[in-house]
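Engineer: In order, the protein sequence lines correspond to chains W and S.
Under this note's numbering, the residues of the first sequence are numbered 162 to 395, in order.
Under this note's numbering, the residues of the second sequence are numbered 190 to 431, in order.
Note that these hints are calculated values from the structure, not bench results.
None of these values were measured; they are calculated from a predicted model.
Cβ atoms here follow ideal geometry from the backbone N, Cα and C, with glycine treated the same way.
Don't take every hint at face value.
[Said to hold, decoys possible] Derived DSSO-like pairs (lysine-lysine); straight-line CA-CA distance at most 30 Å:
| id | chain 1 | residue 1 | chain 2 | residue 2 |
| --- | --- | --- | --- | --- |
| 1 | W | Lys363 | S | Lys219 |
| 2 | S | Lys303 | S | Lys236 |
| 3 | S | Lys384 | S | Lys236 |
| 4 | W | Lys229 | S | Lys252 |
| 5 | W | Lys166 | S | Lys419 |
| 6 | W | Lys229 | S | Lys224 |
| 7 | S | Lys252 | W | Lys166 |
| 8 | W | Lys229 | S | Lys303 |
[Claimed, not checked] Just a sample of chain S residues kept apart from chain W, beta carbon distances all over 10 Å, derived:
| id | residue |
| --- | --- |
| 9 | Glu200 |
| 10 | Asn225 |
| 11 | Lys238 |
| 12 | Lys290 |
| 13 | Lys293 |
| 14 | Thr308 |
| 15 | Asn381 |
| 16 | Gln389 |
[Said to hold, decoys possible] Label-pair ranges, simulated between beta-carbon atoms:
| id | chain 1 | residue 1 | chain 2 | residue 2 | range |
| --- | --- | --- | --- | --- | --- |
| 17 | W | Glu350 | S | Lys224 | 27 to 35 Å |
| 18 | S | Asn215 | W | Pro385 | 47 to 55 Å |
| 19 | S | Asp304 | W | Lys268 | 43 to 51 Å |
Each chain, letter by letter, is given below.
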Amino acid sequence: MMDVKRRYVIPGDVIATGPLRPEQNVYQDGDRMISTCVGISEIFENSVKVIPLTGGYMPKSNDLVIGKVIGTSPLSWEFDINSCFVGFLPAQDVFGRDYSPTKDELKQRLDIGDLVATRIANFDRSRDPLLTVQDRDLGKIDSGELVTISPSKVPRLIGKRGSMIQTIEMATKAIITIGQNGWIVISCEDSEGLLKAVEAVKMIDALAHTPNLTERVKSMLGVPDGENNDTIND
Amino acid sequence: MVKTMTQLMTEDGIRCDGRRLDELRNISIKVGVLKNADGSAYIEFGKNKILAGVFGPRDVHPKHMANPDSGILRCRYHMSPFSVTERKNPAPSRREIEISKVIKEALQPAVILKDYPRTVIDVFIEVLQADGGSRCAALDAAAVALADAGIPMRDLVSACAAGKVADRIVLDVNNEEDQEGQADMPVALMPNMGKITLLQLDGMLKPEEFKTCMQTALVGCKRVYEVQRKALMEKYFQNGEQ
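Chain S on its own, in the form it takes in the complex (with noise of 0.2 Å):
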């Protein structure tokens, strides 16, 4: 266990890929890259990479799903055979089940599904390359692919990690950090409305921990919405703030 701890992080709180406890990795998030999807973002979280498409406000199929008060949204968290680095069955694990559902309630309080009664929205995430913390890049780029396709929204979803590695608390958890480490806390927020869509905790945290732990995925949270931020920016404005 000692070992495992020296490896994960250096006395002076220097984490295994150079970074230090409060450190993210790098961010960079192109909007529109689909053509024929209605709204898409591509991120590069680290090592991950991962597009997310948005199809829609249309017709649902299968008809009996479809709200006759409200739009509903369906979102398809999938990993590519080749994202890891043992092929992947590329049928829908339990794993990505689950992480899609979190992804469609974690989006769902930011979407406004009144004004499209009867319709659906599609969200389609796709994870090329794979490394800790897929599912809040997943997140980010989705939230962005969403405003992207015009659909409203009450605000952007930015969603960023925590946790605890060598017994301290550290900021954005790549993949050995989260294999080797104590806890792994993915939060997602509405940074503009200071609400919380996603909370999910795999590990163990003491009661100050866990607040140490909260505080620190929040200033993530909101380093990731400025990068958000200003890839729309950027597509639609090229970089015109007026």
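Just chain W, with the same shape it has in the complex (with noise of 0.2 Å):
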């Protein structure tokens, strides 16, 4: 097992001297390796980063984001991806190649207000986030509840491998979708596990940088004490 030592740092810190590779969240200064926010930083072999403990949202290509529709163009929707970048979803994305603008009419599909889980197709410096909806899982979402936490937090949301997420559908029967910009939605049939897993979030949400998190979770939705024992993740 690698070590990987781990300290709290705000900007400015020092974290580490020497031939290492800065990763999120680290400026190098000829070979000091500083922190640029809050966090939690963490040494490996040859690199090193800081787990943020706030801050936005900043798309990355790939990430599964929940976003809301906020407008319509003729040939797109736009969408409020909780960053201060405004997601595209292109009209063709949905409708198909033979989309026309004549023929069509986007808000059938999408309306404003809608929520949609959608995928980062693409995003750079000089454009805005370029989405999809053509994956499995992704589309529009018509029932739940939309729980928003800080960005920063879902990597602990998810766990290591997924524990605490799977920690809380399991003990509660619900579904949650994690959008990486820190929008979840929870869904459940019975009422009283979905109010359950909105607390375990938003307990998450408060505590993401204490240690022990799973085990306190477990037993705030009476879960018996496994062996899984998480800690400060990524």
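Join the two chains, each given in its own frame, into one complex according to the hints.
Structural biologist: Laid out in structure tokens, this is it:
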């Protein structure tokens, strides 16, 4: 097992010095590795990164995000994806290649205010993120409760190899769709299970940086303690 | 003149508010005080009471201000009408426009704007009560608010003034000393990088006095940094050093 050193850091803190590779939220100044945000630093064998505890969502290709339709143009929908950039979903992605603005009406399929599970097909510095719904489990979300958490805490909600989210889903029988942008849709036939799942998600949002979180969530949900002891995870 | 000096400082170097020459006023910072802002901080720097709120990165309006290569930083320093003894006109004054500009320029080297092209980061600073050195206190609060908003930064920015009062160099000039004293020099520092991002001087200093004044201000900045650090640690880790 690789030894990972963790430490609480704020912007400007020197995490390490030496020939290391700066990854997520690390800035290199000479041979010093400097944290650029408030978070937990991790030093690996040849790289350094900081798991942020605050901050908005920065789109990344291939991320699953939950978006809300905020507008339409003749050829595309515009989505609020909880980021500083507006997401674009081309009409052809939904209607197929023979889409024609004169024949088809965009609002018949997705209207303003609809929630949609989408994937980011492409994003770079020069353009706004391009979305797609051409995949399994993507598309309009018809029912469920929307819960918003800090995007930086999404990895904690998922847990190591999905352990945390599986725990919640199994204990509450809820189906949870997690957008990397911090928007989460929870649906459950049983209203009590829904309330419990919402509470668990909010608890993870509030206590993301504390150790033994899986144990706490388990005891809150009334699940007997297992052997799966989760630690702070990326 | 002599009369003013004796009022400002006793012969054994005790200042008008009872501080020693190298003593800061009491500082306390609270992080995340505004729910609707992306990041916020409230600072009490002696009798200064200042709120800072950060919004963004977000869409730029008006659109022509947007930069396709990097984000932009905007800053607004504003004094409430009730922040001073006589009512202040709430319209932005010449002084406020200048301070907004210098605060923006003092924060800019610390903020990594390259990561957010076509967006803006807005910093709003509201002075609720002013008592000399408010630009330094505002800068301290703004830096913490930026960190709270999760904006990537190379370092925090810590600011503190030094000056010359009754022919002696003092740290952290208060309102009375600012009015009656001989010089006031606000300095902002990126403490871990050791780089100065703001240096102003109102008054006259001899070259050797300037050097002492600078050293004094830098020591003050480092002490302010400790308070900023503690405030952020308290908010995010409940002061639990790992």
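Engineer: Grab the minimum beta-carbon distance between S:Thr308 and chain W and tell me whether it stays above 10 Å.
Structural biologist: S:Thr308 not clear of chain W: closest Cβ-Cβ about 5 Å, inside 10 Å.
Engineer: Check the non-interface label on S:Gln389: least C-beta distance to chain W beyond 10 Å or not.
Structural biologist: About 23 Å separates S:Gln389 from the closest Cβ of chain W, which puts it past 10 Å; holds.
Engineer: Given the hinted pair W:Lys229 and S:Lys252, is their Cα-Cα distance within 30 Å?
Structural biologist: Holds - the C-alpha atoms of S:Lys252 and W:Lys229 are around 23 Å apart, at most 30 Å.
Engineer: CB of S:Asp304 to CB of W:Lys268, is that within 43 to 51 Å?
Structural biologist: violated (35 Å)
Engineer: Could you grab the alpha-carbon distance between S:Lys384 and S:Lys236 and see if it respects the 30 Å cut-off?
Structural biologist: holds (28 Å)
Engineer: Does the claim that S:Lys293 lies off the interface hold, with its Cβ farther than 10 Å from every Cβ of chain W?
Structural biologist: It holds; S:Lys293 is separated from chain W by about 18 Å at its closest Cβ, greater than 10 Å.
Engineer: Does the no-contact call for S:Asn381 survive, Cβ to all of chain W over 10 Å?
Structural biologist: S:Asn381 not clear of chain W: closest Cβ-Cβ about 4 Å, inside 10 Å.
Engineer: Run the distance test for S:Lys303 versus S:Lys236: straight-line Cα separation, threshold 30 Å.
Structural biologist: violated (37 Å)
Engineer: Quickly compare the C-alpha distance for W:Lys229 and S:Lys303 to 30 Å and report which way the hint goes.
Structural biologist: Given that 30 Å is the threshold and the Cα spacing comes to 27 Å, the pair holds.
Engineer: Given the range 47 to 55 Å, decide if the beta-carbon distance of S:Asn215 to W:Pro385 lies inside it.
Structural biologist: This hint holds: roughly 51 Å between Cβ atoms.
Engineer: Is the hinted pair W:Lys166 and S:Lys419 satisfied, with a Cα-Cα distance of at most 30 Å?
Structural biologist: holds (22 Å)
Engineer: For S:Lys238, which was marked as not at the interface, is the minimum beta-carbon distance to chain W over 10 Å?
Structural biologist: Consistent with the label, S:Lys238 stays out of reach of chain W, its closest Cβ about 24 Å off (over 10 Å).
Consistency with the previously given hints fails for numbers 2, 7, 14, 15, 19, ordered from lowest to highest.
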